[in-house]
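Given chain A, put chains B, C and D in place with the hints provided.
4 protein chains.
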Amino acid sequence: MSQRKVGVWLVGAWGGVATTVVVGLMALRRNLSDTTGLVTSLPPFQPLDLVEWDQLVIGGHEIRDTDCATEARQLLKASHVFSPELLQSLQADLDAVNANVRPGTLVNVGPTIANLAGSKALAFQGESAGEAVTRLSDDLADFQKRHQLDQVIVVNVSSTEPPVDPAIVELTWEAIEQQLAGKGASGLPASTIYAIAAFRNRFPYVNFTPSIGSDLPALNEYALARKVAHVGRDGKTGETLMKAVLAPMFAARNLKVMSWVGHNIFGNLDGRVLDDPVNKANKVRSKDHLLTEILGYKPQTLVSIEYIESMGDWKTAWDHIHFQGFLGTPMVLQFIWQGCDSLLAAPLVIDLIRLSEREARRGGVGVMSHLASFFKSPMGSDEPAFALQFENLKQWVAKVAAEG
Amino acid sequence: MSQRKVGVWLVGAWGGVATTVVVGLMALRRNLSDTTGLVTSLPPFQPLDLVEWDQLVIGGHEIRDTDCATEARQLLKASHVFSPELLQSLQADLDAVNANVRPGTLVNVGPTIANLAGSKALAFQGESAGEAVTRLSDDLADFQKRHQLDQVIVVNVSSTEPPVDPAIVELTWEAIEQQLAGKGASGLPASTIYAIAAFRNRFPYVNFTPSIGSDLPALNEYALARKVAHVGRDGKTGETLMKAVLAPMFAARNLKVMSWVGHNIFGNLDGRVLDDPVNKANKVRSKDHLLTEILGYKPQTLVSIEYIESMGDWKTAWDHIHFQGFLGTPMVLQFIWQGCDSLLAAPLVIDLIRLSEREARRGGVGVMSHLASFFKSPMGSDEPAFALQFENLKQWVAKVAAEG
Amino acid sequence: MSQRKVGVWLVGAWGGVATTVVVGLMALRRNLSDTTGLVTSLPPFQPLDLVEWDQLVIGGHEIRDTDCATEARQLLKASHVFSPELLQSLQADLDAVNANVRPGTLVNVGPTIANLAGSKALAFQGESAGEAVTRLSDDLADFQKRHQLDQVIVVNVSSTEPPVDPAIVELTWEAIEQQLAGKGASGLPASTIYAIAAFRNRFPYVNFTPSIGSDLPALNEYALARKVAHVGRDGKTGETLMKAVLAPMFAARNLKVMSWVGHNIFGNLDGRVLDDPVNKANKVRSKDHLLTEILGYKPQTLVSIEYIESMGDWKTAWDHIHFQGFLGTPMVLQFIWQGCDSLLAAPLVIDLIRLSEREARRGGVGVMSHLASFFKSPMGSDEPAFALQFENLKQWVAKVAAEG
Amino acid sequence: MSQRKVGVWLVGAWGGVATTVVVGLMALRRNLSDTTGLVTSLPPFQPLDLVEWDQLVIGGHEIRDTDCATEARQLLKASHVFSPELLQSLQADLDAVNANVRPGTLVNVGPTIANLAGSKALAFQGESAGEAVTRLSDDLADFQKRHQLDQVIVVNVSSTEPPVDPAIVELTWEAIEQQLAGKGASGLPASTIYAIAAFRNRFPYVNFTPSIGSDLPALNEYALARKVAHVGRDGKTGETLMKAVLAPMFAARNLKVMSWVGHNIFGNLDGRVLDDPVNKANKVRSKDHLLTEILGYKPQTLVSIEYIESMGDWKTAWDHIHFQGFLGTPMVLQFIWQGCDSLLAAPLVIDLIRLSEREARRGGVGVMSHLASFFKSPMGSDEPAFALQFENLKQWVAKVAAEG
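Protein chains in written order, with our numbering: chain A, 37 to 440; chain B, 37 to 440; chain C, 37 to 440; chain D, 37 to 440.
Bear in mind the hints are in silico, worked out from the structure with no lab data behind them. Keep in mind that the hints are not guaranteed to be accurate.
Copies of one chain are not kept apart here, so a pair can be met inside one copy or by any two copies together.
Said to hold, decoys possible - Straight-line Cα separation of at most 25 Å, SDA-like style, residue types lysine to any residue; simulated pairs:
| # | residue 1 | residue 2 |
| --- | --- | --- |
| 1 | Lys156 | Asn256 |
| 2 | Lys430 | Leu326 |
| 3 | Lys263 | Ile372 |
| 4 | Lys334 | Asp70 |
| 5 | Lys113 | Gln127 |
| 6 | Lys292 | Asn428 |
| 7 | Lys430 | Arg308 |
| 8 | Lys156 | Glu206 |
| 9 | Lys113 | Ser69 |
| 10 | Lys435 | Asp178 |
| 11 | Lys41 | Ser125 |
| 12 | Lys435 | Leu424 |
| 13 | Lys263 | Ser173 |
| 14 | Lys292 | Ser69 |
| 15 | Lys292 | Ser77 |
| 16 | Lys156 | Glu342 |
Quick caveat: nothing in here was measured; it's all calculated off a predicted structure.
Chain A with its partners taken away, still in its complex shape:
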């Protein structure tokens, strides 16, 4: 399939995760990095004929005024990731991406995110939800046309939005269409607007953030109508990955988790946005629910996410798990996770791009529930244990490989 050309459209194109995706893809293309961290580079995925690095063209939406190389150097400086040599080698590649970046929308992103907006995004301040869908959708269509792309995968890697009015889940697609048609106020968050723009172009949409994105009945209705695949939410990169791995152990051993406390500290832009309690609420919810699902009862839980500037992109999580063993004996497991957020997230984003493109190519539509292992709040899946989620993914791989 070397003839196919596939677009990667990053919503939040100059954020830490997107920047790392770009640096990573360029490094892979130029053979300056091995494939460590990429799930789709594991042996079981090799028969799938997944899209290769040199088939991908990158673009995206962004609300801040900056550029790719600047953000990459900032990551290097604040977080001691990448090597300066690598960034030097890729300078031209990174600069080339900037040409494909268009102003994002500020519709319903909340004040903390809106405060980050630069002049280009502010030019569209006050646009209605319907106007935003049209504009963003046109950007996508234009991207496809200019680069003659067979497919475009839209991935949301932007900052976490505030929670939306829960009533939104009651809306039908028809109701949303009416909202978009009118000039009146709409509660649709930006993440959902990007999803609609993607579906309008029949492009798959992947939501790597806790924002609601396409995780609405109405959106799935529209996705099925447009015959596109989608999935989300919230990439499972660190502490929650650990929970999805460790909680099943306690369950399988009938050890009673009395309390599970998790404190997260980090210092990147995401952290600054999450320092707003409203935005944080969305994230904490996403990190907390799976314990009850796995254990079958609700232990006392505490999840904190704190912005500590000196940490840069390094997230340190301390988890204290107080559990009861045989004859009422209290015991403790603690773990300390010291990982670099963007570097953990970026390869998973690349995996999701490759796997979504493959699913779309074979005609898959609707929620890609077989991708649950990638998400904290996986759409279309009620299996919260990581090991079994990964088994499900391997079964999909076997099925697709068998299709030839």
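Only chains B, C and D this time, still in chain A's reference frame:
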């Protein structure tokens, strides 16, 4: 099946694990404890008609001069486990067990274990391997007869022996039989002698220790000939359980483990025996091999087990996992496990007794490979990931439940 | 000085710390415990002729309806401290203390503490500050008289109050006296009212809590007028002790602390009171200020205190210190403190009783600034480093010893 | 004193610590680094008129064949320290140092260190101790002469030697002189030979390693005769610094340390040398003794140092301190230190150079016991607590400042 009576024969009957098994079973029988920590009390196991607490009669072999209640109080004092009220309530029950305890054998246990022997076991010092098999086997038969038991499950929970001469794996059962018949020296370790004594009586044998026990081709040959089930080795209770849970996560995410360092400190009798470097070698080997099996490559590993008297039965493990993420970024996961060894082990021993009795009742013979999730070095299984081992167990449960 | 009899008056007499003080003093008196944890049992303090265990008589104020032995058993059950045998041996001693416990005051304790009040304390609900001073003062005088005590030391070990109106520090003693004389509203918190009651009787007052107590210019004015000694605030038992020990190391090595994050979890009554954000604010302030004092600059800091019920009286603190070394190199120190709060606090309370009695005996009046090493926010001292605070104490010891 | 020129002679000139000293001094000279990590840059040291960066000339002895810039780049690559830009800016400075590096001696360095030797050092293989003294001494004299230096400070930052025959401490200086005069075998380790060479030139000698160096009665005799100052041993940079800070806290609070376990992992050249159990013995001894000195009793201790290649120059220490509080309650403090060894050591080496030069300038001779706070096994000091050692240093500072 309320009419069945089942014997539990504990090799190392007054050790920490056995003492906790006895206290636990008595507490369960008198409804003084809930079933936390017992895998077989989880919902999926309920259709299996497993043996209940009041059907079990306990006996065992032991080389030290002490008694059950004394050891239980010692655990309370040194390790702050059990409640004094509980031990008081169970005093008569614990005393009753002592009458079923017979002197163990010192054949090939190595000097560190031999040094623990009391007068009763020393009375048999110098017995040959063949004499030991006969004596121990008679003890088992006598136990069954006196208590009119339908079945006896023999479980090795004694101290870790030194490694044996690797040539032992080449022996056929016929060769071992000749060794046992003669008066000459035999390299057979005590753990294997107990297994032979069990098989001679057609009793299942479970090896909860790193000692070799029945994990020899010749022993399996004999088990098949006697139509008995057996399994081992080395209960997976703490740090290695964590490895079997965490390593698959690194593998599934293609994160490269560069080094995995694990330091274990604890202060029980097991720890004192493992302070002998020869005995320790057996244990470390058992804790170390699975990383390579799960990851598919060998990271630098270090496992230390140190005897720190003040810790009592509490084992603290600190593991430092240094791994490489995307674009060569080094990251770290550390965990600290603070568990009480005997309290973690005892419920698993009870589970293994119930599951072995059930397998024997349905006519199972040979290695019970479906019990791999309980062991560090599971016999008959090449699946090292805990989650998948547990799925295998659940499949066995479904099969047995379907048999009715 | 074996003829002297000294009263110990515990404000919060049935709380965890007070209960442990009582159990500890009784255990020491009956020779059922060694002196581990008691600073005043160290060799340098031996020449001081400090008051001995059998010279002490215990009483106190309390707002809850319970009793000493019940609270002690509750600590045993929830937190696995004390041995049941110890409590059994001391049952009569503990019961005897109850007779000396009088209802505390609810004046300005805030709603969270007021909610804990039992019938005896509620009988005085609505009393004015002046009435409370009189009543509490009479209780103290009566205690002295009934037991023919040479001295009484009043120690505040009650729950943390909400912060007071900062304007209170502007008041003169005369202004406070007028408040007490009138029937009108007064902002004086209960902790200060107890201090006034103590001073009125010329009894030393020790404030082991973050509440304001005698830490007011007006109170010191009154203490000097009454010629009594006093000191506080907030016993330095765990995480903050560690800060007072570690921060000077970073300062002495010119290592730049970029951020210091401390998360505390625990599950005792104190924790439940601190779960009220208003009360917590007082505590967090007390734990946080010393870093700036020691380092000479303000790193980013975060202190959280969370109520996790399963922890009982065990406080676990995780501190993450992110510091910069030579050539801008970021490094990390983390510590995990797993201590039992009441068991850490109680011996220090006993030390403070003995040292305050000694200072009073030698005629000391006003703030006992040489006791700074015992407090998070030491009155009368601007030395925040623990090691130097302790040197100051040793200098006082040498001086007093020289006085003979 | 801007006219003085001072030589810095690094024994182990291309090792990690020396390389960092060189990079650091050059960065300071060119104003490319602030003074974080330098004790002598703290305010109290400012009146001392210490030697400035641009007054220092660097040379040294080394047994390996490499060069300064190569080693610096290796540190950057393996340990993510320094910035590439910094090394680029300093390339010429680093290259200039190489010209002043002379072949070190292999006399009694033990096989593990000898295996590291390159062709230049091997050219002197088999030289006697006396020949070595003469050769090394001439190198120093030549260095002084070529650069017209007012003073030269010799600092041992080479790999840890195996322990020496304890009988060596019985030798008089006369006996050593006879050894040096003869051609016969001598047990004098290389670290001592360098010290003698320094003293012969009347140059101060600082031993930053656990090797014996000048810590012999005979050597001090010689130092006094030559009127030179010296000090050692073993820079206190990480885990042992923590012990010297934390153990006094346990002592001051009369908390009984039952066991103190410390596991250290790291992956630099020092680690590879310490992987030889003989060399490691010297280091472990140096890290272990101070607990007994501070606590006044010997808790069970365990110190391990393990070479884990992936760690590079980053040393992670996990310490588990099991202590007993009031009423026999066991509690735990754990800390995890993640520091970069060379970056912690280098500024202290620079401090010691400045402070030794200052002491020599004011006529100090013999052991500089006021520098104890810098060493794990400080010569001439019986104060093991860090805070008090630092007070001693500040007193010396005050005294010298008062001298004007």
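Do the hints match the structure? See the list:
1. Lys156 to Asn256: neither (31 Å within a copy, 63 Å between copies)
2. Lys430 to Leu326: both (22 Å within a copy, 22 Å between copies)
3. Lys263 to Ile372: Answer is neither; intra-copy 43 Å and inter-copy 49 Å both fail.
4. Lys334 to Asp70: between (42 Å within a copy, 18 Å between copies)
5. Lys113 to Gln127: Intra 16 Å, inter 21 Å, cutoff 25 Å: intra and inter.
6. Lys292 to Asn428: between (27 Å within a copy, 23 Å between copies)
7. Lys430 to Arg308: Intra 37 Å, inter 42 Å, cutoff 25 Å: neither.
8. Lys156 to Glu206: neither (34 Å within a copy, 54 Å between copies)
9. Lys113 to Ser69: both (20 Å within a copy, 15 Å between copies)
10. Lys435 to Asp178: neither (35 Å within a copy, 57 Å between copies)
11. Lys41 to Ser125: Answer is within: at 24 Å inside a copy they meet the 25 Å cutoff, but 43 Å across does not.
12. Lys435 to Leu424: both (17 Å within a copy, 20 Å between copies)
13. Lys263 to Ser173: Only inside one copy: Lys263 and Ser173 sit 16 Å apart there, 71 Å across copies, limit 25 Å.
14. Lys292 to Ser69: between (43 Å within a copy, 14 Å between copies)
15. Lys292 to Ser77: For Lys292 and Ser77, the Cα distance is within 25 Å only across copies (13 Å; inside one copy 37 Å).
16. Lys156 to Glu342: Neither. Shortest intra-copy (30 Å) and inter-copy (44 Å) distances fail the 25 Å Cα cut-off.
When each numbered hint is compared with the structure, violations occur for hints 1, 3, 7, 8, 10, 16.
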